[in-house]
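With chain G held as given, fit chain E onto it using these hints.
There are 2 protein chains.
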Amino acid sequence: MNSVDLDKLFNPRNIALVGASGNPAKWGHIILLNILKGNYPGTVYPVNLKEEAILGYKCYPSVGDIPDTVDLAMLTTPSHLVPSLIEECGKKNIPFVIVITSDFSETGPEGAELEREVVEIGRRYGVRIVGPNTMGIFSSKSNLHALMPPVMPLNGSVSMFSQSGNVGVQMLSWGTEEGVGFEKFVSSGNEGDLTCVDYLSYLSRDEATRVILAYLEGIDPGADLFPVAREVSRIKPILVFKGGRTEAGGKAAASHSGAMAGETRIYRAAFIQSGMIEVKTSQALMDCAKAFSNYPIPMGKRVGIITRGGGWGVITADFCEENGLIVPPLPMDIIDKFDKLLPKYWSRSNPVDLVATIAYDPYLECLEILTEWEGIDAIIALGAGIRVPEYKYSKEVKGPKELMNTIDFLTKMMKERAKKPDKMLESMGALVKRSGKPIIGVAIGAEATHKMNLERFQVVSYPTPERGVRVLRQMYKYRRFLNSPSTT
Amino acid sequence: MNSVDLDKLFNPRNIALVGASGNPAKWGHIILLNILKGNYPGTVYPVNLKEEAILGYKCYPSVGDIPDTVDLAMLTTPSHLVPSLIEECGKKNIPFVIVITSDFSETGPEGAELEREVVEIGRRYGVRIVGPNTMGIFSSKSNLHALMPPVMPLNGSVSMFSQSGNVGVQMLSWGTEEGVGFEKFVSSGNEGDLTCVDYLSYLSRDEATRVILAYLEGIDPGADLFPVAREVSRIKPILVFKGGRTEAGGKAAASHSGAMAGETRIYRAAFIQSGMIEVKTSQALMDCAKAFSNYPIPMGKRVGIITRGGGWGVITADFCEENGLIVPPLPMDIIDKFDKLLPKYWSRSNPVDLVATIAYDPYLECLEILTEWEGIDAIIALGAGIRVPEYKYSKEVKGPKELMNTIDFLTKMMKERAKKPDKMLESMGALVKRSGKPIIGVAIGAEATHKMNLERFQVVSYPTPERGVRVLRQMYKYRRFLNSPSTT
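Protein chains in written order, with my numbering: chain G, 1411 to 1898; chain E, 1411 to 1898.
Among the clues, some could well be false.
Note that the list lumps identical chains together, so a pair holds whenever it fits in one copy or between two copies.
Below, a list of computed lysine-lysine pairs in the DSS-like style, where the Cα atoms sit at most 30 Å apart [what the hints assert, rightly or not]:
no. : residue 1 : residue 2
1   : 1436      : 1825
2   : 1825      : 1861
3   : 1887      : 1690
4   : 1847      : 1690
5   : 1436      : 1754
6   : 1436      : 1822
7   : 1436      : 1750
8   : 1830      : 1861
9   : 1690      : 1861
10  : 1468      : 1822
11  : 1822      : 1460
12  : 1747      : 1833
13  : 1861      : 1829
14  : 1829      : 1447
15  : 1468      : 1501
16  : 1551      : 1447
17  : 1822      : 1447
In case anyone wonders, no lab produced these hints; they're calculated from the structure.
For clarity, every value in this text was computed on a predicted model and none was experimentally measured.
So here's chain G without its partners, still in its complex pose (with noise of 0.2 Å):
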C-alpha cells in the first residue's frame, strides 16, 4: 500500500500563510480568519512583502525570513509566483504546501505546463504539493480550519477527500445540520502531486477515522486507486460518490476540475471489486456517512418492521424489497410473544403493525422481542423517535369553560409525553449496542429531530422510510464485501 506520511499536513506544528493579505475581501485574509475561528493552537506566520502585521499577526517578508522550522504552507498568490515560492518553501524544508491558487490545469495546456512545473521543483526539494486549485483541508483532532470557507464542521469519525472543493465544504457544513462529524478533510483539487490514493491510503491508517467519503470525477489510470481501496475497505468502509456519470455530467466535469470524465461501466465494476461503496446521490452520501460512522454493519439482508399503522409498513416493506432485501414473515415462537402484548387485531405479521397504539412502553418491548429474533439482521423502527409536539391548545380556542379545562389537561398531558422519547430512544441506542444489530429509526419529517437523535441518543433516524432502507441496502453491500475471500 502507498505509504505517504501526512501526519504533518493534517497536524501541523506551525503553518506559513503565504500571500495573506490585509484586504478582508482577498482569500489570504479569509483563510486566516478561519484558522484563528477555529482556534488552532500553533502558530501562524503570515507572509507578505508589504504589510507589516495583519490581524494582529505580524508578517514576514518571506518564507526564509520565519525565525521557526515550519511544518505546512499555505499559498493564496497568483499562479506565475507559485513555482519561485515552491521553491522556497523546498529551500526552508518545509514537508507540505497547499496551492489553493487555481489557473493551472483545470484551465488548459498553459496551466498544465507550470502545473507540472511547480510539481518537478517540488519534487526536487521533497516538499509534497496538495493542489493545485484546492480549498484547503480541515482535521478535528488539531483544530485546524484551513480553508477558504468559514466552514465549523461537527467534529466525528468520518473523513472525506474530494476532487470537488465545493461538494466537500458543503458535505462538512451539511453534517453540521445533520449531526454527522468529521475527523479530516481534504479537497484534493487538481492533485498534481498528491492524489486521491495517498489521502486514502494514509486516512486507512488514521485510527480516529472510521468511514472514508470520497467524491471523485476523474481518476487517473495509473494510479493504484482501485488496488489500494480493496484494502482499505478491509479495514473501514469507503463511500464514493462519482460525479461524470454521463455526457452531459462528463463534460461538466472536464471544465471544471480538469479530468476527463471516465467510462461508468468501468468504473462501477471497480467500485463494486475493491468493496467501495458506490451511491447515486448526495443525500444518500450523507444518509450512509452517518449510518456507517454510527452503526454495527448488519450480518445479513433480512429487515424487521415495527409500525405504529399500516400504510407506512406496507410501504417499507415495499422498498425493502424493491431494493432486494427481505422481510420474512414472524415464526411461531414470535407471535406468541406479541400476542401477549398487543391487542388481539394486531398484524400477527412483519411488518408489525401495533394499529395506532401510540403508547410508548408496548413499542419499545416489541421493539426488544424483535431485536431477539435470529431470523432477521436490522429493524425499521416507523415512528420511533417523532417527538410529540407541545400543543398549545388553550391560545388557538374560544370556548366555554368546561372546554378550556380540558384543554389544559390535554396541554399538561401532551407535555408529559413529550418527555417520554427520551427514555424510548435512549433504550433504542442500548438496544443496538447490546444486539450488535442496526435499528434505524423513521420519524415522518421532523427534520431537527433526526439531528438530537444522534447526538443524545446515539440513534440513527431518518425523515423517510426509504432513506433507511436504501441505506441498510447499502450497509448490506458491504458485508457482502467483508465476507468475500480475500484474494491478497
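What follows is chain E alone, placed relative to chain G:
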C-alpha cells in the same frame, strides 16, 4: 364521469358527533376537540345517551333528537352499533356519515358481512358513507378538521385521498414543515360505499384543488378508476403513490386495509395510460405536490443549470441525463451574453459555472439570460435560495484588537449580505411567472429556508439537486400526457 356531489360532506352546515365522549382518551372526545380547535364555524351536536354536555356542548340522546336538519354525522361507537345508527341517520335525512369505527372488512369475513349490512342500510335511506375504518376528513375552505389526530394543515391547493389514514394524515402535517398547503383531504378507509373514484371525480371539479394526491393500496377491478383518471388528468395532475407493489408490501397491505395488492406491472401500465403520475417514494410525493401546485408545467425536457461551483453542476447534469432529461449545450449568442458578465474563466457551457462568484447580482442576470433562452424548458438554480448565516465571529475567537475589529467588520458585512437573498428570490419568483418556465432552487441542507422560499417568494426549492431533477422528470411526464392525443 361519476358524479356524487360531495359538497355537503366537505362543507357541512352542521355535524352530529355520534358516540362523542366525556373521556379525553376516547376518539369521540378528541375529534370533537379537533373540530373546535379548527374553529369550525358551523354547529356541532354531540350525541351521547348518558352525558348532559361534553366540553360545554349540550348532548342529545339520539340523532333524532337534534332540533335541526343535519348535513353530516360522524360515528365513533363500537362496530355492532353502527347498523342501527346508520338507520337513525337515514330517518333524519342526513346525507353523509363518516364511520370512524374499525373492525369491519379489514379484520375478516365477519367484519366484511357487517360492512355489507351497513352499506346496504345506507343505500336504502340514501345515506352515503365515508369509511368505515377511516381517520376522517379535512376541508380548508370550511375550517373543518373532522380528523382523529390533532393535525392543523396549512391551507393550499393540494387535495388528497388516501387508503391509509396514517399515511394521509402524516402527509398533511409533513406539508406544514415543507410549506405545502392542503385544500381537502379524505381518509377513504375500507371504501365500503364511497370509493376513491367518487373522491377523484369530485376533486377534479373542485376549483380550489389544483393538484390531486392519491395513496392507493387496493383498487377494485370493478371500479372505474382508470377511465375516470384519464379524464381528470386532462384537467389537473393526479400524483399517485401505490402501496403493495411487492409480495412483502402486498401481504402487509392485505392485513391492514383489507385490500389485496394487485399486479404491479398492470397497475403501472394503467397509471401511465390514464396520465396519473406515479411516484416511488414518500419524499417524491411531497416534492411533486410542492412543485405541481406552485409552478407551471414545463413545455419539454431541456434543462439549463446554473451553479456557483463545478462539482454540484456535474452532479446535477449527471442526474438529469440519468433521468431522461436533456442538458443542451449553449449556443454562441448565449455564450456571448455570459461573456460580458462573467470572469474569463467561466465554464462557457451548460451547466453555467459562475466559478465561485458569490455575489447575487451577476447570478440573477445570468438566470434572466437562461430564462429567455428558447433552447430550454426549465432551470435548476444551484445555490439559489441560500441564506448566508449571520456569523457571530466575535464571541468565538480570542485575539488582538486588530483581529476583533476585522471580525466586527465581517459580522456587519455578513448581516448585510444575509438580506440580499430576499431580493434575489423575489426576482426568481417573478421570472417564473413572466417566463412560464419553472426555476427550481437548490440550497444544500438548509431545510428551514425552503419553506420560507415558497411562502414568501413563491420559489420552489429543495435541499439537494437530485430531488429537483426527479420533480422535473415527473413534470415532463405529465406534459407528455397533456400533449398526447385525447381519445375522448
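Here is how each hint holds up against the structure:
Taking CA atoms no more than 30 Å apart as the test, residue 1436 paired with residue 1825 passes between copies only; the shortest distance there is 19 Å, against 51 Å inside one copy. In this assembly of identical chains, the alpha carbons of residue 1825 and residue 1861 lie at most 30 Å apart whether taken from the same copy (21 Å) or from different copies (27 Å). Taking the shortest alpha-carbon separations for residue 1887 and residue 1690, both the intra-copy value of 14 Å and the inter-copy value of 22 Å come in at or below 30 Å. Taking CA atoms no more than 30 Å apart as the test, residue 1847 paired with residue 1690 passes in both settings, with 25 Å inside one copy and 27 Å between copies.
For a Cα distance limit of 30 Å, the shortest separation of residue 1436 from residue 1754 across copies, 19 Å, qualifies, whereas the shortest one inside one copy, 70 Å, does not. In this assembly of identical chains, the alpha carbons of residue 1436 and residue 1822 lie at most 30 Å apart only when taken from different copies (17 Å versus 55 Å within one copy). In this assembly of identical chains, the alpha carbons of residue 1436 and residue 1750 lie at most 30 Å apart only when taken from different copies (23 Å versus 69 Å within one copy). Within a single copy, residue 1830 and residue 1861 get their C-alpha atoms as close as 18 Å, and across copies as close as 29 Å, so both meet the 30 Å cut-off.
Taking CA atoms no more than 30 Å apart as the test, residue 1690 paired with residue 1861 passes in both settings, with 23 Å inside one copy and 26 Å between copies. Proximity of residue 1468 and residue 1822 under a CA criterion of 30 Å is satisfied inter-copy only: 25 Å between copies versus 60 Å inside one chain copy. Taking identical chains as interchangeable, the C-alpha atoms of residue 1822 and residue 1460 lie at most 30 Å apart only when they sit on different chains, with a minimum of 27 Å there against 67 Å within one chain. In the homo-oligomer, the alpha carbons of residue 1747 and residue 1833 lie at most 30 Å apart inside one protomer (23 Å), although the nearest pairing across protomers, at 60 Å, exceeds that limit.
Proximity of residue 1861 and residue 1829 under a CA criterion of 30 Å is satisfied in both settings, with 17 Å inside one chain copy and 27 Å between copies. Taking the shortest alpha-carbon separations for residue 1829 and residue 1447, only the inter-copy value of 24 Å comes in at or below 30 Å, while the best intra-copy value is 36 Å. Taking the shortest alpha-carbon separations for residue 1468 and residue 1501, only the intra-copy value of 22 Å comes in at or below 30 Å, while the best inter-copy value is 93 Å. In this assembly of identical chains, residue 1551 and residue 1447 lie within 30 Å of each other by CA distance solely inside one copy; the values are 15 Å within and 52 Å between copies.
In the homo-oligomer, the alpha carbons of residue 1822 and residue 1447 lie at most 30 Å apart only across protomers (16 Å), although the nearest pairing inside one protomer, at 44 Å, exceeds that limit.
The structure agrees with every numbered hint stated previously.
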